[in-house]
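S.K.: Residue numbers (my numbering), protein chains in the order written: chain P, 1 to 743; chain U, 1 to 624.
The set of hints was computed from the structure by calculation and includes no laboratory data.
For every residue, glycine included, the Cβ atom is placed at its ideal position computed from N, Cα and C.
Careful, some of the hints might be misleading.
Label-pair restraints from in silico Cβ distances [said to hold, decoys possible]:
1. U:Pro115 - P:Asn296: 44 to 50 Å
2. P:Glu249 - U:Asn255: 39 to 45 Å
3. U:Gly174 - P:Lys58: 36 to 42 Å
4. P:His569 - U:Asn467: 34 to 40 Å
5. U:Asp535 - P:Ala716: 57 to 63 Å
6. U:Tyr483 - P:Lys681: 56 to 62 Å
7. U:Arg456 - P:Ala29: 28 to 34 Å
8. P:Lys681 - U:Lys203: 47 to 53 Å
9. U:Asn520 - P:Asp109: 54 to 60 Å
10. U:Lys83 - P:Asp524: 54 to 60 Å
11. U:Asp535 - P:Asp524: 30 to 36 Å
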Amino acid sequence: MRRLLLITACTLVYTASFGQSEKDKRAYAEQATKIQTDVWGSPSAEFKVTAIPANLSKESAVVLARSFSLSRASSGKLKFGRAIGITTRTTKFSIFHERVKINDKTALDEFSTLQYQKKLDKTTSQLFAKFVDVNNTFIGAKVIKPAGKEIIVNTSEEILTKNESKDQKGKLAIPDLQVGDVLDYYICRQDIADKDEGNLYKDNDNILSLVDEYPVLYYSIDFQFNKKIKVRAIYANGAKPFEESHNAEGDLLLSLKLTNVPKYKGQLWTSGYRQYPYIEIGSAYDDPTDKIIEKNHFDGKTAMLQARKYNFEKTFVERAFPYFMLLDKVKNAFKDKKSLRAASADSVAKVFYATWKYDTFCHYLPNDLQDLPAMKYRAANSQGNVLNACFILTALKIDHDVLLVASRNTNSLDNVFNADDFDALIRINGSVPAYLCFDDVVTHFNEIPARFQGEKVIVLHPKRRNDHEYDFTETEDVLPVANASQNNINEQLNVSLAGADLKKLKIERTVKEKGSLRHDDQKDLLLADEIDAGIVEMGNGETMEKRYKYYTGVKKFAEQVTGAFAKEHNDKEKYYSDEIKAKFSQEPQKVTNFKIINSGLNAGSTFEYTESFEMDNLVKKAGNNYIIDAGKLTGGFLKLDEKDKVRDKDIYMPSARSFSYTISIAIPAGYAVKGIEELTKNKANKTGSFSAGAVVKGNAVVITVTRVYSNNFEKAADWPLLKDLIETASDFDSVKLLLEKQG
Amino acid sequence: MIKCFTALCLCLATVYCVKARPADSSATISSKQSYQFVYNAKFNRVEVKEVLNDVYTSNNYAVKIPVVEGYNDQVTIDEVKCKVDNHTPDGFKPVYSYYSVDDVFYSDARICYFPMSLPKIGSKGNVTFNETILDPRYFTSVYFSESLPVTSREISFIVPRWMKVELKEMNFGGFNIKKSTVYNSKDDVDVFTYTAQNIPANKREENSPGPSYLYPHIMVLCKSANTGGHNFTYFATLDDQYNWYKTLVKEIKNNDAIIAAKAKDLTAGLTSDMDKIKAIFYFVQDNIRYIAFENGIAGFKPESADEVLRKKYGDCKGMANLTRSLLKAQGYDAHLCWLGTDHIAYDYSTPSMAVDNHMICALNYKGKTIFLDATETYIGLNEYAERIQGRQVLIENGDKYLLTRIPMASATQNFDYETSKLAVVGTALVGSVSHVWKGEDKEEILSGLNNIKKERSDEALIRYLSNSNNDNEIKDLNISSIYNTDADLSASYKVNFKNAVSVFSKAYYIDLDPKKEFVNSAIKIDERKHDYWFDYKTNITKETELTIPANYKVSAVPAPLNISNADYEFHINYESKPGKLIYKKIILVKNTHMPVAKFDQWNKDVEQLAKTYNENITLKPISE
């Protein structure tokens, strides 16, 4: 039934795109009716269900049934037009059909409006040919009342928020939908396009998650592709594969039926693309990737990864990249050729990295001036920069590898589908390996971003054949993982009672941050010109005036950049105030003496800053005595929500990391401190540790606290151990000290 | 939150002349605007021709100004010009597009926009819009201020002698604005020119009064015109305004049979009037979603009641009409009424479409008028949301209107009342709590709970009751129905306030109040410019009975706090009884409008409140 519909639907749309406006409207209406008949005419049993299981009665909504079907046909068409020859005619037809039980007002709000691109016609003409590019969308909705009455929504009640002859956008408020009703709706989309672009895998890529925001009782996915289309799919994290078959015309039919699709649980420290089943399926007409796969006999689950890797290797064409300028700068950083030759591999690489950073992050365009501080949050493209780096290191005869890696926060390396599904970095094979990662502005030489640590890498050892071809020897490896002490925040706080009645705390705070824990605060607290100055110094860069001496784009551009930098200084206090508020969950007062002690931009260095401020609500009075919320001076440790206390998913930590605090609280004259013994806590297991203690030193009580997460990954079976430490730490938040008046 | 006539305020009814601008000092504006009343013989109507010329001067390099001008079915943009440093920018092409207004599903609001780049300090961007307002009723106000500082603004009104219009000056105090009047005998027009210098940029602050209270502007009250051999009546008097509204209301074609059947169904089995009235009112509240269509005349004319009933959605006009129609079908004396919420500074003493933005239903019942606002989803009968309390309301009453006010509720309409009995167990306070909420306190909680997915509502309520503090464990929660608007909302539960008790050398130091309302509500006087308006009146009472552990006595309690003035009260005291200590707190905010002049005293009083909150009680062994 559906197959027949597809062909008929396509024909009708094709005809309509050449017709008059009234004819278009009639054709559209006829098509809409036909689709409605097809979708609702003979629904499967699942699309007749109205009741939900008793155990789901508390859900906001339950998807009783959902189906997604897509068909695609592509073929070459001879066109006497802009490029006389063959173009590709693609016809796509998809239907998303869903039947939802609405159980509360939130779901009612969510499902009561449909928005869609009703029509988009980008058809063009040239010479004797018309290049069709039309998209039409058809919607239908009906409401099923609890007593069984079905009310089909009149879609002519839609509102067109854009109503041009070739571009229409619509909105429909579903009438008479109430809590307790079932909504059955569909969105059908037809695309016909005569064009050469848009036919590759990257243009026709669907990711189907097999978990959902709502419970889904039945989920049906169907694809149909004509013979000329190639299809590839990845089934990740245990996703059930499609059943394949063919029809009489040789079309490929893929079908998957699922029942009781689980609800997605948004828990702490999970990685969706690593831990939940999904299918990535793409189709292509004449994508070079298929030729690569066939020619090289790549097969199995990693065929796409192999193809993307192959393509990546083929981009090592020196003449396509202006790397010479950067190479010259690196060479010029050494006194002479002899010094360069004598330098160790990693010292040369370090100079290269610093020079690259200057070149990449310290050159600004007029558009950047609108929001120069945003420059701090840029990140470099790893693949493109690795190419340049490889050319330069090869020219400098530095032994190195190109590593391909996938982030822990996205698909695994084996599940690479598109060319940008993996990143790249360089490993210098010196006496000790060193890593060059082309990432954010504060990443150090020999620093691996936390999201790559511990991940499997494909190691490509390059060998230059000529200026447009490199050969690679391939192996595998695993990236090292920084230990907890390498990702560390160390805080020193000097605390004293303040205010007219000593009900505030005055806090002088010095913070040192290392490793992955450094990045966010560095970008938030360093000013853009401080970062610029730091990178200029490391990379032997030029002053602003020299940088733009010959810049013809905008007059006095150097002055403009300097002016834009200066403007950010007005926000400096707010940066620190925001940082304190984020840390202590309340607004500080009288923020003063805030400054950067060490920018932490140099390789291996620590980011250090200091600030003074006052804080309310951390001191209680009790008669003549004072009670200090000492535990809160760390800023508080993670408290688990109920939903996170039980878990069966492995734990993807951001990194192994540690936190240490030394808090010195001045004891006012005439007072003694009580309760320090309650601050002694120690707990350790294989996932980490928590320890705390306090001693009186002179006229201060000094509290030390250390919290360690030992690993960047834990198995679900070890969650109880990790939870134990988390709860020990969060319990520490409530410890108090008494300052008791003497005499 | 303004629901119904938002589109009117922003687009249809007002020529507000507030364009979207970056809210910083990257540029300044000098401006010349002229508004000329003309007679369009072809369409036999009076129109207003606008020429709006703004010159932006940049204060920085590479400043991008997003130039945006609104229009709709009643306002057309006839021409747009732009020059930057005397050149038309490359690729200058204004875009005309649908504009999505908050809380409005669809309106005829449109925008014309284009980005304008000012490359260097001192660059000048010269923008001119030529527009036409097709009906003077929609020309209601002209503002002097913008989101950027205005160095100078000249506004001219060219008024032919056949046009009767009053220009009312609003919020001029403290601003450098001069007026001149010239009669041009050749054209028989009066030219009224206002010149303002150095108007600061608008500053948006949360909980501040609406713009018509704050910023200097001119209310344009178009009354009538006599030209082209015709008389045109606009809003010379409130009668005129009412007559226009009445015409729209008369055009409503309700299907009385459908409405009557529904009303009968809703009141089946009910005998008392109040029960029937409630059944109807709560039905509309609970079952009609707020979806506003403000497209052209739909922005003013209520939808028919049977259509609202069929669709189960509508805006304030539709919901008011449905409420009225259902009540009338049952024989009650119900009427539509118009009003402006407290977002608007005006009332009907200045007849204009700018004075109202909402519609509700008025019911005359046993000599009393009850106002029914179904858009307030969780408020009960005879309770009124803060935004409409005290507001003047225009009630349709056949050929004549009635003008009255929504009653002002006292703070006791709202109530957040908690009683608890607690005992010391180790370092925790353990016991039971009962809670009752009324009025807008109840509405806030019910609204919050009904906007959360059902499976998470218990969790959300527990989080709310525990003040989002995991140390405050809540168990055995029993809550009255969250769907019953007519009754107070009540809850009872067991609590375990972990770590509420600090023990040092056998002495207990206890914090009895984990909530500490208003403890962080000091106003930043050096930053805040505008008055502060609370969301609604506050009436919090908390009574906690603490059982003193055996062999213990109360060693110290905080001094009582008693702050009382016309606007608010803070009371905290402790009372000893045998074996018990009673903590009682009352917080009242009686006047929701706090002027800047009172910030200092408010901060001092909040400081005292915080000080009292942050004092623990001390229990020591009797032997000490």
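S.K.: Hint by hint, note whether the structure agrees.
M.R.: The hints, checked one at a time:
Separated by about 48 Å at the C-beta atoms, proline 115 (chain U) and asparagine 296 (chain P) satisfy the suggested range of 44 to 50 Å. Evaluation of the 39 to 45 Å hint for glutamate 249 (chain P) and asparagine 255 (chain U) yields a failure: the beta carbon distance comes to about 54 Å. Separated by about 57 Å at the C-beta atoms, glycine 174 (chain U) and lysine 58 (chain P) break the suggested range of 36 to 42 Å. Range check, histidine 569 (chain P) to asparagine 467 (chain U): Cβ separation about 38 Å, and the 34 to 40 Å hint holds.
Aspartate 535 (chain U) and alanine 716 (chain P) have their C-beta atoms about 45 Å apart, which leaves the hinted 57 to 63 Å range violated. At about 46 Å, the CB distance of tyrosine 483 (chain U) to lysine 681 (chain P) disagrees with the hint of 56 to 62 Å. As the Cβ distance of arginine 456 (chain U) to alanine 29 (chain P) is approximately 43 Å, the hint placing it in 28 to 34 Å is violated. With their beta carbons about 48 Å apart, lysine 681 (chain P) and lysine 203 (chain U) fall inside the hinted range of 47 to 53 Å.
Between asparagine 520 (chain U) and aspartate 109 (chain P) the beta carbons are some 32 Å apart, a value that contradicts the proposed interval 54 to 60 Å. In this structure the hint that lysine 83 (chain U) and aspartate 524 (chain P) lie 54 to 60 Å apart at CB is violated, the actual value being about 40 Å. Taken as a hint, the range 30 to 36 Å holds for the pair aspartate 535 (chain U) and aspartate 524 (chain P), whose Cβ atoms sit roughly 32 Å apart.
Of the numbered hints stated above, those contradicted by the structure are hints 2, 3, 5, 6, 7, 9 and 10, listed in ascending order.
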